[in-house]
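Protein chains in written order, with my numbering: chain Y, 1 to 319; chain F, 320 to 638; chain D, 639 to 957; chain A, 958 to 1276.
I should point out that these hints are in silico values taken from the structure, not numbers from a laboratory. Some hints here could point you the wrong way.
Chain F is faced by these chain Y residues, among others (derived, beta-carbon under 8 Å) [to be verified]:
1) 72
2) 118
3) 246
4) 254
5) 282
Nothing here was measured: the structure is a model prediction, and the numbers come from that model. Ideal placement from N, C-alpha and C gives every residue a C-beta, glycine not left out.
Number of protein chains: 4
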Amino acid sequence: MQDIIQAFNLNVDMAVEARDLIRGTTNQEIQGVEEQVEKMENIKVTTITIKDQNGAQKMGRPIGSYITIESPPLRINDPYVKDEIIKAMVKSMPLLIGNSLPADSTVLLVGLGNWRATPDALGPKFIEYSPITRHYHQYAPDALVQGMRPICGIAPGVLGITGLETFEVVKGIVEKVKPALLVVVDSLAAQNVERIGTSIQMCNTGIQPGAGIGNERQAIRQEDLGVPVIAIGCPTIVNAAIIAAQAVKQFCSNTSAIYDEIKSLNAVQDVLSFFGGSLAVTPKEVDDIIENTSRIIAMGVAQSLFPGISREQLELYAT
Amino acid sequence: MQDIIQAFNLNVDMAVEARDLIRGTTNQEIQGVEEQVEKMENIKVTTITIKDQNGAQKMGRPIGSYITIESPPLRINDPYVKDEIIKAMVKSMPLLIGNSLPADSTVLLVGLGNWRATPDALGPKFIEYSPITRHYHQYAPDALVQGMRPICGIAPGVLGITGLETFEVVKGIVEKVKPALLVVVDSLAAQNVERIGTSIQMCNTGIQPGAGIGNERQAIRQEDLGVPVIAIGCPTIVNAAIIAAQAVKQFCSNTSAIYDEIKSLNAVQDVLSFFGGSLAVTPKEVDDIIENTSRIIAMGVAQSLFPGISREQLELYAT
Amino acid sequence: MQDIIQAFNLNVDMAVEARDLIRGTTNQEIQGVEEQVEKMENIKVTTITIKDQNGAQKMGRPIGSYITIESPPLRINDPYVKDEIIKAMVKSMPLLIGNSLPADSTVLLVGLGNWRATPDALGPKFIEYSPITRHYHQYAPDALVQGMRPICGIAPGVLGITGLETFEVVKGIVEKVKPALLVVVDSLAAQNVERIGTSIQMCNTGIQPGAGIGNERQAIRQEDLGVPVIAIGCPTIVNAAIIAAQAVKQFCSNTSAIYDEIKSLNAVQDVLSFFGGSLAVTPKEVDDIIENTSRIIAMGVAQSLFPGISREQLELYAT
Amino acid sequence: MQDIIQAFNLNVDMAVEARDLIRGTTNQEIQGVEEQVEKMENIKVTTITIKDQNGAQKMGRPIGSYITIESPPLRINDPYVKDEIIKAMVKSMPLLIGNSLPADSTVLLVGLGNWRATPDALGPKFIEYSPITRHYHQYAPDALVQGMRPICGIAPGVLGITGLETFEVVKGIVEKVKPALLVVVDSLAAQNVERIGTSIQMCNTGIQPGAGIGNERQAIRQEDLGVPVIAIGCPTIVNAAIIAAQAVKQFCSNTSAIYDEIKSLNAVQDVLSFFGGSLAVTPKEVDDIIENTSRIIAMGVAQSLFPGISREQLELYAT
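Isolated chain Y, as found in the complex (with noise of 0.2 Å):
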């Protein structure tokens, strides 16, 4: 897949497929990453560490940590497994976090992604469905903000519609907010399509497009913004190139075929040509998806930085 991936340029988003792409080849520890895994009952939680450079380098993404829930397939709108999903978000906040988050502190949250593209569109859904505070703080009586630390939230649009590079959008506002963390939630890629609307990715690492392909201008990362970023993911499309090459790896497993990466390669660019490595693979139900995972993530986001208020008043607040 490596060449493929290369090739078209694409992204591996997910720290849990980058390890297992790493592990293909090597099939060993990979230095410098450690890794822990959780069973609940319906849920399965993957925290991946990179612990130094020499694992950075290895994942291809900063040191730092890697929460990966994933929920079993066809059931994240049950209302249990929602249940399950938001308090495993709730307790692995903390972790990312630190516990330096001050009670009254300002939090932003950043919807990345375009609206009008369906499987792009879970962070400005995300913001949609997140409660709301930061201008009760200015213009309401006391009562009602007691235990709502300010929240304010942001879907900056992508350049394509804007002429406006996010990080420009979100620096400016940071440099006005002076929040005391961001939270960036954003559709990710998938390697695998089974990952579609069952996988949540926490870290706390900040957004790196383009990581790892020289283009590290645009990152939303504390390093950049001079703020802790908590980024968190859910994989909402698996490039057409991706299903393509996995059928032909497939294939020459199943009969005596040899596989050939960079013939395979050339057949995948042959049959893909005409749109580019833009081609997306999508499940038909991508919209209900998106509806049910970006308000789970909002619930979860919310429930971790209001922790003494109930959901169903968190949901009032929503915008």
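We have chain Y; now place chains F, D and A onto it with these hints.
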């Protein structure tokens, strides 16, 4: 591909692709089927006429005319190409309708598909952009409606969101409104990614979901409705199974591997089993494609039905 | 107000307001009309029963039961009030339906109004948030549909955007689907701004646009459809002419000026003539009001129709 | 009306209406204010120039130029009127900008208002329909961008849904992007229903919510941003209190009743108190009005900023 198409229960929505699939194996004329190609500056118009039951059986669709308008890639939103396509639609209509449509007879527009799933929203968007005039005939002064045939339109939704068969809704309305013609617009699935957003198919045999799979009862066609039906569609997706199978086939033809259709099918199923056959491949710009093609089809249909009215005037009547 | 209502051809959509208008002049019991009021913690339920033709003529609406659920201002999105309203709806339903609805009979939900005009979108939103189950009865295992009556739903749009009379569409579908009951939801116009978003009216006499003005043909009611019809509505606007006339009247009662209904009407017409009678007064939060009340009505109807199913389960079936 | 405006804390958004309110009492020239009227076939262009502090204080807005383009009622979507309006906008721009805008300098478009409340969505829709080109300058071949000045755009949302002051977002972006000009579009409140959807106001003094009420801090203007600001707006609502007060006044002038501004105000407050001052009067066709005027403003601005490019070409670049 035939194995994949059957195994995943896929439709071959485009007559030109059905022809290619048959030709692919026989490489000769198809008995009972005639074909005519016309090239213009930026577009190519292919008319396939199925003349008898023999041709119908081979092509897997009814006797009738199938016109495909193809425009070169990536230029669909060029205003000059747009004009050419609209003109080709206007020119094609009489071949499909015959000359029997009285100037003051009512036409019912039907936009099939699910407005909540972007690639399936072509039909509902078509209704949104079409001029609707039937109500003026009851309420407005004669001057207003001169040259404006009564047009009404509905997007009946899909079974999954209404619990109603499309046929039930359309048949009920046809019995009340008694139109002289139905124009039905729907998204299509293609076999090749290059067709997405670049081809428009028009035919006079209605729309028959699941044609050839023995599920004939929902067809929107003259036999069941008692009214001529023009069906117009544009490909917006390719099934992921088709892409994967094409890559395997291409790989075999690029290497010395022997292509085996059943083993290819197995490989594709191994990769895609998680979401069944419902994984769609779409370009990232699918929202724009739906927007542009639905407007072009609406204008092509409107100019066919209101021959004396300018395009600017028609846009004023669009709902 | 009666002059204004007639001059601007306005509807008095709510039975409790029709009663107030009559009482306003006579200040006594209305013959043939009974009324019963029940107060709960946060809500008040008024049942008006029109018992004979005499009452029907005075009230300007057919013989039948009209239940109005009123909740205190500004608290409509409080989860506890929400629960109380839903319970009051569930309790009121049997009075309107009678006990004759077999457990497995089909119900057709109809969401009237224009989805492109926010204050008129209550009906279409109601369909969006209602559980739809009829299609499962054909395609899904028995287990799934146990206790789930077949429900289907449609938002037929308005004449101005479809060119179709609502009655034509609904009658056509009723003839095909043969439901045992229709539940029709629509936005209402109120006479007082305090009712906007705070009252829900349920009745068993259908919806009769233009009742009393001699335009009876479009009524969605049992006499014309052959199926019992429950109509549910919530006020979302007050006509601007009403507001203006109320201010004039209030001014006269605050000063020594003599109120003259005809001169008041002339003044209102002078101020509002530009847009005819179609100027609506809405609160700025009308989008939220539509969102909240459509969800509450959807849940109240669903819990009435699926008595054994939990709310969380019902939300999973909402389309 | 002044009492109503103060009591309900309303803005007089249009300079021509501020002038009428002052003239109403003094019936003479306003010192420090000049006015010029130009009539064309279907439109009237009024230029009000506030020349000194005296005029500014009387008019309740800063020194600068205020151009109002008015088109006759009900014809706003006529394509010929549309063209005339766009031409009048293009002609007015240099008066507001001066001639100092270099051909390759960046312009930032800002669409104020709430995309979830129809009458307030003019600004966000303006961004949607405007050509955005800044990103092409980084990534596309020179040929593409010849004559295409870098344009970027953002709809920052409103405090209630983001928790962010508009000024914070805009100031942050201005500091990063360093544009040579801001063009800010917003919905306006009018004093007369005839202005809804029929007037466009352009000025070079920015947008100053709450001007004159002592709340100057959020103004989007050159003094605070360091960049010239053109503000463009179109009235989409009239406050219900204005309508009600006008009816009382009209009633008094139609009868022998003596108009008393304070008692009129009391009557209006009695009628409207429930929703405070936030009741808006809108025509039923407000969705269409927003759609049409946002497109017209987008095209007027685009043709001003890209003088050599055809309208069809510009529409291709609209996001």
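Hint-by-hint comparison with the structure:
no.: 1; hint: 72; verdict: 12 Å, violated
no.: 2; hint: 118; verdict: 5 Å, holds
no.: 3; hint: 246; verdict: 5 Å, holds
no.: 4; hint: 254; verdict: 5 Å, holds
no.: 5; hint: 282; verdict: 6 Å, holds
The earlier numbered hint that this structure contradicts is number 1, and it is the only one.
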